[in-house]
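Peer 1: Residues per chain are reported as follows:
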Amino acid sequence: MSIPIPSINIGAILPEIILIATAFVIIFVELFAPKRWRLGIPIICFAGLLAGFYAVGSLWGETIFAFGESVTSDNFALFFKFIFLLGALLVTLISVDYLKREGIYHAEYFFLILLSTVGMMIMASSLDLISIFLGLEVMSIALYVLAGFNRTDPRSNEASLKYFLIGAFASGFLLYGIALLYGNFHTTNLGEIFALLSGQESLSIIGLIGIVLVLIGFFFKVAFVPFHMWVPDVYQGAPTSVTAFMSAGPKAAGFAVLLRIVIYAFNTSSPEFTNLLWIVAVVTMSVGNIVAIAQNNLKRMLAYSSIAHAGYVLVAVVAGGPVGTSAAMFYLLVYTLMNVGAFSILIVFGKRGEDNLNFSDYAGLASKYPLGALAMTLFMLSLAGIPPTAGFVGKFYVFSAAVSQGYVTLAVIGVLNSLISVYYYIRVVVVMYMSAKPAEKFYFTYSVPAIIALIIAAWGTLQLGILPERWLSLAKDSIFSFLL
Amino acid sequence: MFDLAFYILAVLILGSALMVVTLRNIFHCALFLVLCMFSIAGIYILLEAEFIAAVQVLIYVGAVTILMIFAVMLTHQLTGKTIRQVNDQPIAALFIISSLLVLTLLALSKTTWEVASSSGVSPSATELGRALMTVYVLPFEVVSVVLLVALVGAIVISRGD
Amino acid sequence: MPVPLGYYLGLAAIIFTVGVIGVLVRRNAIIILMSIELMLNGANLTLVAFSVHLQELSGQVFVFLVMTVAAAEAAVGLAIIVMIFRNRESVNVDNLNIMKW
Chain A
1 MSIPIPSINI
11 GAILPEIILI
21 ATAFVIIFVE
31 LFAPKRWRLG
41 IPIICFAGLL
51 AGFYAVGSLW
61 GETIFAFGES
71 VTSDNFALFF
81 KFIFLLGALL
91 VTLISVDYLK
101 REGIYHAEYF
111 FLILLSTVGM
121 MIMASSLDLI
131 SIFLGLEVMS
141 IALYVLAGFN
151 RTDPRSNEAS
161 LKYFLIGAFA
171 SGFLLYGIAL
181 LYGNFHTTNL
191 GEIFALLSGQ
201 ESLSIIGLIG
211 IVLVLIGFFF
221 KVAFVPFHMW
231 VPDVYQGAPT
241 SVTAFMSAGP
251 KAAGFAVLLR
261 IVIYAFNTSS
271 PEFTNLLWIV
281 AVVTMSVGNI
291 VAIAQNNLKR
301 MLAYSSIAHA
311 GYVLVAVVAG
321 GPVGTSAAMF
331 YLLVYTLMNV
341 GAFSILIVFG
351 KRGEDNLNFS
361 DYAGLASKYP
371 LGALAMTLFM
381 LSLAGIPPTA
391 GFVGKFYVFS
401 AAVSQGYVTL
411 AVIGVLNSLI
421 SVYYYIRVVV
431 VMYMSAKPAE
441 KFYFTYSVPA
451 IIALIIAAWG
461 TLQLGILPER
471 WLSLAKDSIF
481 SFLL
Chain B
485 MFDLAFYILA
495 VLILGSALMV
505 VTLRNIFHCA
515 LFLVLCMFSI
525 AGIYILLEAE
535 FIAAVQVLIY
545 VGAVTILMIF
555 AVMLTHQLTG
565 KTIRQVNDQP
575 IAALFIISSL
585 LVLTLLALSK
595 TTWEVASSSG
605 VSPSATELGR
615 ALMTVYVLPF
625 EVVSVVLLVA
635 LVGAIVISRG
645 D
Chain C
646 MPVPLGYYLG
656 LAAIIFTVGV
666 IGVLVRRNAI
676 IILMSIELML
686 NGANLTLVAF
696 SVHLQELSGQ
706 VFVFLVMTVA
716 AAEAAVGLAI
726 IVMIFRNRES
736 VNVDNLNIMK
746 W
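Protein chains in written order, with this note's numbering: chain A, 1 to 484; chain B, 485 to 645; chain C, 646 to 746.
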């Protein structure tokens, strides 16, 4: 009896395999190695992530299909894998001393970070709804646990439960949507769906309900308004390093799938989709920014700002085409750098238990820690989109993509929104530099890895702001693999 | 005969599902969930998907609901405290969701399903196994990663030290 | 298939909807989890019905994988619920309000 085996092409998922292997090494070290070796676990994690970067670099430029066309390793996936690896690397660096300070230094933390990254990578490179769903679950289940990693802290517990319930609820919608799409197209492969759609005139009503349910599932995960209500609580309650992780990779992974589904499979340019996304983009930007103004807790403020930033990326998705897609990808890269940077500052200046995250706790920080305040200023300016930072360039590309595709109103609303956002970002800077009543005591955790992460993030934020062409052209190279 | 079995199972499923979401005693909810899962397995047998029916009984009845009953027993006294169990905005939720349901049912009834061109027999466990090891080997591996993450995660979260 | 496909799909849609209602109106985390399992079962039934109708394997493979995922999800979810119960002796979602909504 002969069994036909499809082309496997293990090489296409090399980055995933490297990270899974690293995760296994970490678990085995934790289980069997002498106790003092445990301090080396972050180093193993770091090395694994670097190897992942190397694998991504070596695969760059080729388009490989593997496992019977259900997975691809094209530049689009690789660009996103780079973002995920960058997020995981920075988070690994900022976590080391943070976990020790909070008394939750366990090897499983790094194991879960790595496997969550694997899930994101599978999402980014899948061409099949089955493996997209499974990748999403790997990522999400690891994140539910990470959000509740500080087991004795009730806020962390609450974040974990809320994130879990919302996440599982969203998975239900996603799954039902996939089931209806399967019934409509007789396949779950995006490539085949694409082929069917380009032949057919329009979607049947069942297919339409299916795609809407899939989109709702992802809207929950990426946290677009009105599916955002979990974000502030989860972001505030989760350990800060986990919040940094959640705001970077998983969001980008959700966008990777959205871009694939919207542009690759449902690029029939049906105006209903674009109109729907248009409205969601406007509401998401506006609600995120306006509610962020009212926040006094920095972590919560960054949570709302992350909602708003998802809205900006969605503007680029609405614009679509090569310009919009590459602008969205570039923005996600920039956002990872500047946002994880801002969270690193919160980690370095936090105290055990993290009670000092209000604006007033940072009053007058510049006089005591001028470099820290300078770095925070850089990240805030970048988040606000002020030149010469990367945030400005990212927003510039996003909005000019919208204008070039004829969405002028959308671009104007976006610019107005980023003007609103300047208020609350600059407020942080003002508090740090010109507060009449400085905070009584600052807490500073001296952590070499976290400082390295800060330097990487700050350097990246400036580099992408001053010389963005190289990275933008990489983003442009990434999309042609499936747009053309 | 098939018709009758379908209607009986459908009534059982819907009745027990409604019980799950309305009853006050959580333990009773869990028991009705078991009944619901069993009846759904019956539907799979009607559909001649015996393997899936077996897996449904093994995983849902045997693992998931038992796990839930454990959780209920760990977190509640069995004497059955009945506290208020309903949200403040059930009406709005019911309205939105039932309109969604009506829309979906309308769409389902409007759609005519073309019969598949190939006239093969219903897939057997052998074919499923073969597919899992060949075409779907990647999802199969990824699902093992899901299980690993869940295993490690559940232990991390619930161990006491 | 003596019973038309549409009946199975309709049944699945109703199961799914009952699950959604349960998630939205109930406050106990364990019951919300049960309602989510109902939603997943509705989706599974849809997949199996389509798969049998189309004589196509991938739907059933998917259901098999989804069930495994559901079990993993339930395990993690219940671990989270037990962890919370240890810390504060209640698993009602509304009692979790240290942080404002």
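Because the hints were derived from the structure by calculation, they are not lab data. Everything numeric in this text was worked out from a predicted model, so none of it was measured. Yeah, the Cβ is synthetic: ideal placement off N, Cα and C, and Gly gets one too. Keep in mind that a hint or two might mislead.
Label pairs and their computed distance ranges (CB to CB) [said to hold, decoys possible]:
id, chain 1, residue 1, chain 2, residue 2, range
1, B, 511, A, 9, 31 to 39 angstroms
2, A, 275, C, 652, 48 to 56 angstroms
3, B, 583, A, 434, 33 to 41 angstroms
4, B, 499, A, 204, 55 to 63 angstroms
Derived list of chain B stretches under chain A, where covered just means 3 residues or more per stretch with a C-beta under 8 angstroms from a C-beta of chain A [said to hold, decoys possible]:
id, segment
5, 505-514
6, 582-592
7, 628-638
Peer 1: Which of the stated hints cannot be reconciled with the structure, identified by number in ascending sequence?
Peer 2: Failing hints, ascending: 1, 2, 3, 4 and 5.
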